[in-house]
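Q: These protein sequence lines are chains A and B, in that order.
Counted the way my numbering counts, the first sequence spans residues 1 to 220.
Counted the way my numbering counts, the second sequence spans residues 1001 to 1474.
Source of the hints: derived by calculation from the structure; they are not laboratory data.
Glycine included, C-beta positions come from ideal geometry on N, C-alpha and C.
Check each hint, because a few of them may be wrong.
[What the hints assert, rightly or not] Covered stretches of chain A (in silico footprint by chain B; criterion: 3 or more residues with CB under 8 angstroms from a CB of chain B, positions within the stretch not fixed):
#1 62-75
#2 79-89
#3 103-111
#4 133-145
#5 161-170
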Amino acid sequence: MNTLKNRDEILKKLRICSSGPEADLSSELIRTPVEDISAQYEAFRQNLVVAAGNAHRVESNNEALQKIDEILTGFNASSIALSGDEVISSLGVRAYFQGRKIVVRDLAKSIDEHRNISFTVDAGITGADYAIADTGTVVIVHNRNNPRLISLAPPAHIVILPIHKLLPDIDTVIAEINPVTGELPSAISLITGPSMTGDIALQATYGMHGPEVVEVIIVG
Amino acid sequence: MKPQTEKFKELARENMSDGTQRAMLKLFPPLLKQLRDASFQDLGEEAAMEKGRRIREDAVRDLPYLLERFEDEVTKAGAKVVWARDGKEANDFILSLAKEKGCRICVKGKSMVSEEISLREALVESGIETYETDLGEFIIQLAERPPFHIVGPAINMTVKEVSDLFHEKIGSPETEDANELGGYARQFLRDKFQNADLGITGVNIAVAETGSIFLVENEGNIRYSTSGPKVHVALMGIEKVVATFTDAVHMLKLLTRSCMGMAITKYVSVINGPRKKGENDGPEELYIVILDNGRSRIYADEMLRSSLQCIKCGLCSGVCPIYATVGGYTYGWVYSGPIGAVLNPLLLGLDRARDLYHATTLCGACNRYCPAGVDLRGILLDLRAKEMTGNKTFGAKRPSLFHRLFIRFWSWALLSTFLYNMGSIAARVLTAPFVRGGKLLWMPGFSGWMKARDLPRFAPKTFHRLFAQMNEQR
C-alpha cells in the first residue's frame, strides 16, 4: 500500500467538491472569571460527589497529609505510588509515612518498574494541573513527572492540587493550557470521579477498569 | 462484521418477537432522552446545538484542507499518518505493522469504524491475541453478536445472559449481580492491559489546528490502550476532523450530553503525539490511520454530504420510533438507527440495504435532536429517489418496470383534475366489495401494503363534491 499515493488520491477527490477553506484555524479562547472561590469549591465538591468521587478542602500541606492518611486508613491501603510533580514532591509524603507500615513507591526510573508499581500498589497519589468546578473534573497534563498509569491502574486515586488551580469551567482550563501558541503535552487526562460502566443492563458499576475510589484534596 | 442488511424484514420479525428486548427498548431510549434533556439545561440548548451544527458543517465543507493541516500537526508532534482507501488497506497496514513490531497482545477500545472494516477479526485471524476492552464490546466479542446500539453494544442482554456467557467463556462463577460480572471482566482484562504491546482505538474528534485527538470513555480501557502498549494505532474516518481545539471542546460537550446525558464522561483523553523523552508511559509510536472506505464518494454528493457531519453519539436511535420497535440488530450491520439507515446503504450499496431507508416514518425526530446537523430525513428521502433513478454510484438497483410505470402513471393521474376525479370515483366503486365494518381491508394492486394496514373506507362523497354542494347551499 502506498500511503502517499492514497493521500493524494483521497484529498484530490475531496478538493474537487469542497468550496473551502473558509474557517479560521485558531481557537477562540474563553475565560470565565473566578468570583467566589469557596462557592466554586462547593460546586466542584457537589459535582464530584454526583460523579461518585469525593472532595476535601484543607488549609495546609500538613492537613493534606493527614487527609491522605485518613483516606488510606479507610480502605486499609498498605502501598502507595507517588507521581513526581511539584505538588507531590513538595508535600513530603515519604517523610510523613516514615516508620509506618505503608510502603511508599516514588516515581520509577524505568518503564517496566513504573508499570509494575502502578499495577500492584493499593493507591496512586498524584498532583493535578487544574480542576473544573462545573463538572467535578481534575485535569492532569501528563509529562515525565506525572505519568499516566499511576492515576489509572491502582484501585484508588488520590489527587492533590492548590485551590488557585480550581477554575470555573472547561473553557477556562483550555484557555490556560492554551493550544494556540503553547506546545501541547503528549497527553492530557480529564478525570471525573471513578471509572464506571452501565454496559450490563444499565446498572452502574464503579471501578470498571480504572480506580473505584477518587478522592480530591484541595489545598488552600 | 458481516452485513446482514438484506435480511431486514426477517430480522425485524425475529427481534420484535423477543420480549426481553422489547421491554428494554421501552425503557432504555426514553431514559437516555430524559438524561439528555436534563444535561442540556446548563448549556443553553438551542445556541449550543446551533453552534455544533455550524462547527460540523464548516468542518465538512473544509474537509480536505483540515485533513492536510491535521496531518502536518500530527507529524510535527512525532506521530505518523497513514492513509487507507478502504478497509482492506487499513487492516493490511495494521497487520503488517503488528508483525514488524512483534506485537502479540492487542487491547482495543470501542471503535465503530473498526467494526466497519472487521479489524478485530483480521487481527485474530493473523494470530494476534485481540481483546475488545470496553465491557459492552467485550461481551459481544464473547457472544459473537453485532452491536445492539452505537453506545450500548450489549445493552439488550440480561444479567443472566451475561452471567451464562462469562461462565462459559471465561470460567467465572454464575451470579445475578451486574457489579460482580463487571469485576470478572476487569480481572480477566487487567492482565491483558498490563502485557499488551499494541493498543488500538478509534478517534472521537481530531483537531486540525493542533493535531490532537480526543478520546471519550467511562471505563478507563481507552486510557490503558493509549498508555501501556508500545504502539498505539488510532483509526479514524476522514470525516472526524474539526478546525480548532475549542471547536473540539464544544463538540465534546454535545457528544457526552447527546450520548449518555452526561456533562462530561469519566475520562477524556487528549492525545498529542507519542510519549515524549523521559516519559514512563504512553506509546513509543503513534500511528493515525485515516480511512476513506467510501466516504469521499459520499462527500461528492451534496445531498448526502451532511451524513459525514455525524459524531456517532447514537442519539438518533434513542429518539427514533422505528429503532424503538425493531431494535439495533435489525439494521444488520455496524450502524443502527436512523444513521444506520443512511450509512449502511451508502457504505454497502443501496441494493443490499434497501429496506433500511424504506422502513422509516420520516417523522424527523432524528433531525430535531442531531447535535451535528445531519439531515437524516432529507437523506432518507434522497436514497429513495436514488433508487428510483437507479443511481449507479451507490449501487442502486432500479425497481421493476411495472413499479416504475405504475409510479409514472400515478404522478400523471394526480396532475390532471379530470383523471384524479375519475380515479376517485373508480376507487369508490372498486373498493366497495372489500369494506368490512367501515374499514377498507384490501385494494387490488396494494395487497402487500394493505397487509399491515387498514384504511377507513372512502367517504361516500368526494371533498370536491361536498365543497361544491356547500357553495350551492349558500
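Q: State for each hint whether it applies.
A: Checked hints:
| no. | hint | in the structure |
| --- | --- | --- |
| 1 | 62-75 | violated (count 0) |
| 2 | 79-89 | violated (count 0) |
| 3 | 103-111 | holds (count 4) |
| 4 | 133-145 | holds (count 6) |
| 5 | 161-170 | violated (count 1) |
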